[in-house]
Amino acid sequence: MENRVTEQAKQAYYEQYMGRTHIWGRAGVGLGILLLLAAPLAMGLVLGAGPNWGAAAMGFLQVALVYWTSGVVEFLVYAPMLGGGASYLAFITGNLINLKLPCAANAREICGTEVGTPENDIVSTLSVATSSLVTVVVLMLGVLCLVPLTPVLESPVLQPAFDTVIPALFGALAFKYFSKSLLLAAAPLAVMCVLFVAVPALIGQVSFLILLGGGLSIALAWLMFRRGRL
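With our numbering, letter number 44 in the sequence shown gets 41, and the count goes up by one each step, no holes.
Derived by calculation from the structure, the hints in this document are not laboratory data. Built from N, CA and C at the ideal position, the CB exists for glycine as well. Worth double-checking, as some hints may not be accurate.
As the list claims (entries may be wrong) - Taking CB as the label site, the calculated pair distances span: (1) N49 <-> Y10: 50 to 56 Å; (2) A61 <-> L138: 23 to 29 Å; (3) E106 <-> G41: 45 to 51 Å; (4) L192 <-> Y14: 37 to 43 Å; (5) Y14 <-> G51: 24 to 30 Å; (6) F175 <-> C108: 35 to 41 Å; (7) Y10 <-> A76: 20 to 26 Å.
Please model the entire structure based on the sequences and the hints provided.
In structure tokens form, the structure reads like this:
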């Protein structure tokens, strides 16, 4: 009886926590968007200059028609992995794929939490928040040291290393998950490799292919589960 009361209290507290998270998360995202728009508008008002609103609206529509599917797909794929609080932080601070997701995945692996659990929501939120703060500190130091470090950063010797940072990062992170189920990982990976080799132009459309790769993975996992192989 005591255990049941404890679990009910935990569930009630978690629901209260998520309610506050959604309130503050929506307010934070709204404030972030407002600040992003307010800076250029304020500069335009002060300097007496402004864009051609018709041309700006047309440009926005052209970009939105291309990227709206990517935005929807990324939300549907990444939000369940990150949880509520981490999703609000990650989508407003950026660097989602190459920074926030790896941090959250590594934290989840260290803590032993599972996607979709309250524990994973807490761990993901803390990891994404820490990643955001560290990013701000690193950027501040980078700006302060930009002039003396420019010759080093532009060195031809280091350029190949900078070009392979993201593949190296994702390769190391992906291997841990690929090794758990080689068949489940190999099939979507093979399909994506064939598509990229056959149609090189698709390399720049990675976000649109997330849906295809994710769908293949889910379908294959379902079949393997039905056959008792997963």
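A quick look at each hint next to the structure:
1. Taking the beta carbon of each, N49 and Y10 are about 52 Å apart, inside 50 to 56 Å as hinted.
2. Checked against the hint of 23 to 29 Å, the C-beta distance between A61 and L138 comes to roughly 35 Å, which is inconsistent with it.
3. Checked against the hint of 45 to 51 Å, the C-beta distance between E106 and G41 comes to roughly 47 Å, which is consistent with it.
4. About 42 Å separates the C-beta atoms of L192 and Y14, a value consistent with the hinted range of 37 to 43 Å.
5. The given range of 24 to 30 Å is broken by Y14 and G51, whose C-beta atoms sit roughly 46 Å from each other.
6. Between F175 and C108 the C-beta distance comes to about 21 Å, which lies outside the given range of 35 to 41 Å.
7. For the hinted restraint 20 to 26 Å between Y10 and A76, the CB-CB distance of approximately 22 Å keeps it satisfied.
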